[in-house]
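Colleague: These are the residues of each chain, in order.
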Amino acid sequence: MMKALGFLSRRRFLTASASLGIGTIAAPYVARADDPTLRITGWGGKWGEVMKSEIGPAFESEFKCKLQIDSAFPYLPKLQASSRSAPIYDVMHTNSNEQWAAAEMGLVEPKIDAKLVPNLADVYPYAISDKIVGVSIFTSAIGLGMRTDKGYSGVTSWKELWDAKYNGVRGGYVIPVNSLGQAFLMMCGTLFGKGQTDLDAAYMALEKLKPIKIVDFTGAMEKMLLSGEVGMCVIHDSGIYRYDGQNQPTDFISPSEGVLSLEQVLTITPGSKMKELANAYVNYMLRPEVQKRLAETVWYSPANRKVKLDPKYDAKLLTTPEKVSKLIQVDWKWYNERKDEIDQRVNRIFRA
Amino acid sequence: MSSTATTRPNGLALFILPSALLFALFFFLPIGLMAVMSVLTGNPVVMPKVAFTTRHYARMIGDPFYFEVIWTTIRIGLVTTLVALLIGYPLAHWMARIKSRSGHALLLMAVLAPMLTGIVVRTFAWMTLLSDKGVINETLISLGLISQPLKLMYTETGIVVGLVHIYVPFMVLTLTGVIGRIDERLEQAAENLGASPLRAFIEVTLPLSLPGILAGSLLVFALAISAYVTPILLGGFQIMTLPILIYQQISANFNVGFAAALGIILLMISLLLVIAYNRALGLVSGQRELQ
Chain P
1 MMKALGFLSR RRFLTASASL GIGTIAAPYV ARADDPTLRI TGWGGKWGEV MKSEIGPAFE
61 SEFKCKLQID SAFPYLPKLQ ASSRSAPIYD VMHTNSNEQW AAAEMGLVEP KIDAKLVPNL
121 ADVYPYAISD KIVGVSIFTS AIGLGMRTDK GYSGVTSWKE LWDAKYNGVR GGYVIPVNSL
181 GQAFLMMCGT LFGKGQTDLD AAYMALEKLK PIKIVDFTGA MEKMLLSGEV GMCVIHDSGI
241 YRYDGQNQPT DFISPSEGVL SLEQVLTITP GSKMKELANA YVNYMLRPEV QKRLAETVWY
301 SPANRKVKLD PKYDAKLLTT PEKVSKLIQV DWKWYNERKD EIDQRVNRIF RA
Chain Y
353 MSSTATTRPN GLALFILPSA LLFALFFFLP IGLMAVMSVL TGNPVVMPKV AFTTRHYARM
413 IGDPFYFEVI WTTIRIGLVT TLVALLIGYP LAHWMARIKS RSGHALLLMA VLAPMLTGIV
473 VRTFAWMTLL SDKGVINETL ISLGLISQPL KLMYTETGIV VGLVHIYVPF MVLTLTGVIG
533 RIDERLEQAA ENLGASPLRA FIEVTLPLSL PGILAGSLLV FALAISAYVT PILLGGFQIM
593 TLPILIYQQI SANFNVGFAA ALGIILLMIS LLLVIAYNRA LGLVSGQREL Q
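Those protein sequences? They're chains P and Y, same order as listed.
The opening residue of the first sequence carries number 1 in our numbering; numbering runs sequentially from there.
The opening residue of the second sequence carries number 353 in our numbering; numbering runs sequentially from there.
Isolated chain P (complex conformation) (with noise of 0.2 Å):
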């Protein structure tokens, strides 16, 4: 074959084909090496999915950028190890105990320009109120999960969790781990205390909590829950309604006392050389078409007021300013100050 194309030796031949299998791997690089890259955090599972297939490549189209995200928890401690001036990540996106903890180091600018943001105008009050640091793109109420199968019924009020007929099958947080955890145990304060700040009442609550089972992600809990490992927990509203449609023997509860409000928040970080990207991005995950998309696939409820969701989420998730007058947020600033003191007393209270 070689002799009849006569020109084509065989070193011109490997060499050709050489170069062309590289150009082939490097092409789709090469194409955007000069994109502007965007590097932001991100959770995995079903917002992954989504983020990776959907948004994200409609992000990277409209704004002529590439989109580097970051889905391997924890975030934090890898932007506090790189430096302040070309920091790991551009926006981060974490749940809002963590973002506060960052804008106490200066690790992540403290507010979102309104200016820069104009999808900012259209948000819920909470989701800028002085509880928050950056934005809160989506919220999921915290409160019960139960097991419709198990004869419990007519709860309604968090202390019920506190009845001794779920002992075994009562399912918690690891406190110093889990933001779902940390806003239950300000919880306590308010529901035996003068209030969320009443630690010493809480503190004597969750040692009537035992036993309890307890577990560091809400994942490891909604497993336990469908597996009947637990009976009754904390969890959040998505935590239930993303099996929605699969028959399974669960519900959650809105407890009458309210429902504490688990922020998923952006920040940008003030080191970023990608700031009007960042901003960008922002404006873009608060877009109504984004936020429903999104919405509508992990069951988080959309903080800008103008989304309009399916009626099958419409009837669950908080979508209405009244819905969304339930939430109770937590002061993670005055949580963080203590932080050390209350692992070091929860880490004694939930020991074997």
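A few of these clues could be false.
[Unchecked claim] In silico BS3-like pairs for lysine-lysine, Cα to Cα no more than 25 Å straight-line:
no.: 1; chain 1: P; residue 1: Lys326; chain 2: P; residue 2: Lys308
no.: 2; chain 1: Y; residue 1: Lys485; chain 2: P; residue 2: Lys165
no.: 3; chain 1: P; residue 1: Lys150; chain 2: Y; residue 2: Lys503
no.: 4; chain 1: P; residue 1: Lys165; chain 2: Y; residue 2: Lys503
no.: 5; chain 1: P; residue 1: Lys78; chain 2: Y; residue 2: Lys485
no.: 6; chain 1: P; residue 1: Lys223; chain 2: Y; residue 2: Lys503
no.: 7; chain 1: P; residue 1: Lys339; chain 2: Y; residue 2: Lys401
no.: 8; chain 1: Y; residue 1: Lys485; chain 2: P; residue 2: Lys208
no.: 9; chain 1: Y; residue 1: Lys485; chain 2: P; residue 2: Lys333
no.: 10; chain 1: Y; residue 1: Lys485; chain 2: P; residue 2: Lys223
no.: 11; chain 1: Y; residue 1: Lys503; chain 2: P; residue 2: Lys208
no.: 12; chain 1: P; residue 1: Lys208; chain 2: P; residue 2: Lys64
[Unchecked claim] Sample of chain P residues facing chain Y (criterion: CB under 8 Å; computed from the structure):
no.: 13; residue: Val174
no.: 14; residue: Lys213
no.: 15; residue: Asn347
no.: 16; residue: Arg348
[As the list claims (entries may be wrong)] So the derived list for chain P, only partly shown, Cβ under 10 Å to chain Y, looks like this:
no.: 17; residue: Ala81
no.: 18; residue: Ser82
no.: 19; residue: Ser83
no.: 20; residue: Arg84
no.: 21; residue: Glu98
no.: 22; residue: Ala101
no.: 23; residue: Gly168
no.: 24; residue: Asn178
no.: 25; residue: Pro211
no.: 26; residue: Gln344
To be clear, the hints were calculated from the coordinates, so they are not data collected in a lab.
Yeah, the Cβ is synthetic: ideal placement off N, Cα and C, and Gly gets one too.
Starting from the known structure of chain P, fit chain Y onto it as the hints suggest.
Modeller: Same frame as chain P, now just chain Y:
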């Protein structure tokens, strides 16, 4: 001639150099950095004003909780090592002395098989067995032997069971090599001189296998006290060990200095235990060169 020999680079040294550099870079440098971070107020690479402090160590000394955590970690390590040794030694002895090649191959495969699966998967397998709704409890309840599930998980025993399963192969493989090198004729000689097989084992084989016991125990102990996944999953966060506390400090409290201090304490305790263990074994075996 002799001057040429002295100036010529040592071939062995050049051969060892890459490994030595690698060891220095990935072992001594991280530990050195950890030691430095444990006495600083912050990360000097990213923070402008950083000072020396002893507050991380003072915090540990000032709170008995940390001593309890350290003791729990050591206790789990010691029990895991002991159980792994008790299970691993007879198996290693059998493997080392079995005459059949296929028998040896089968035993080796049986020991290695668990190592072909990830630690997380193996720990989850234990969870399906030990949890309240797990195989053991459900079986006992269905047989009417118990009415309430036994507390098999979220206990130190549960953690030790998981760790032993994971680390027994390390003990067996270390011991097999050492026992295999012991001359069987020494045992035969002891028996010819009137010793029972048990006495021959205790007085001949066991002392000669002490280097293997030492190496295997140290390996298992080091792995057990630094284990994170198994204590978390089988302990359900209710058994606090130092690696869990260190991770908590980095991932949720963002306190790298305190985490580094905890790491240094874990290292110092391990070193002290290793030295003590080494010395004790040396004394017991009469082989002071072990030290």
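Colleague: Each hint: holds or not?
Modeller: Checked hints:
1. P:Lys326 <-> P:Lys308: Given that 25 Å is the threshold and the Cα spacing comes to 20 Å, the pair holds.
2. Y:Lys485 <-> P:Lys165: Roughly 17 Å between the alpha carbons, so the hint for Y:Lys485 and P:Lys165 holds.
3. P:Lys150 <-> Y:Lys503: holds (21 Å)
4. P:Lys165 <-> Y:Lys503: Given that 25 Å is the threshold and the Cα spacing comes to 18 Å, the pair holds.
5. P:Lys78 <-> Y:Lys485: Given that 25 Å is the threshold and the Cα spacing comes to 38 Å, the pair is violated.
6. P:Lys223 <-> Y:Lys503: holds (19 Å)
7. P:Lys339 <-> Y:Lys401: holds (23 Å)
8. Y:Lys485 <-> P:Lys208: Holds, at about 24 Å.
9. Y:Lys485 <-> P:Lys333: violated (40 Å)
10. Y:Lys485 <-> P:Lys223: The given pair, whose Cα atoms are some 12 Å apart, holds under the 25 Å limit.
11. Y:Lys503 <-> P:Lys208: holds (19 Å)
12. P:Lys208 <-> P:Lys64: Not OK: P:Lys208 and P:Lys64 at ~56 Å, beyond 25 Å, violated.
13. Val174: With a minimum Cβ separation of about 4 Å from chain Y (threshold 8 Å), the hint on P:Val174 holds.
14. Lys213: holds (6 Å)
15. Asn347: holds (6 Å)
16. Arg348: holds (6 Å)
17. Ala81: Where the cut-off is 10 Å and the nearest Cβ of chain Y is about 7 Å from P:Ala81, the hint holds.
18. Ser82: holds (7 Å)
19. Ser83: holds (6 Å)
20. Arg84: P:Arg84 check passes; min Cβ-Cβ to chain Y is 6 Å, inside 10 Å.
21. Glu98: holds (8 Å)
22. Ala101: P:Ala101 check passes; min Cβ-Cβ to chain Y is 6 Å, inside 10 Å.
23. Gly168: With a closest approach of 7 Å, the P:Gly168 hint holds.
24. Asn178: holds (8 Å)
25. Pro211: At 9 Å from the nearest chain Y Cβ, P:Pro211 passes the 10 Å test, so the hint holds.
26. Gln344: Holds. Min distance 6 Å.
Comparing the model with each numbered hint stated earlier shows that hints 5, 9, 12 do not hold.
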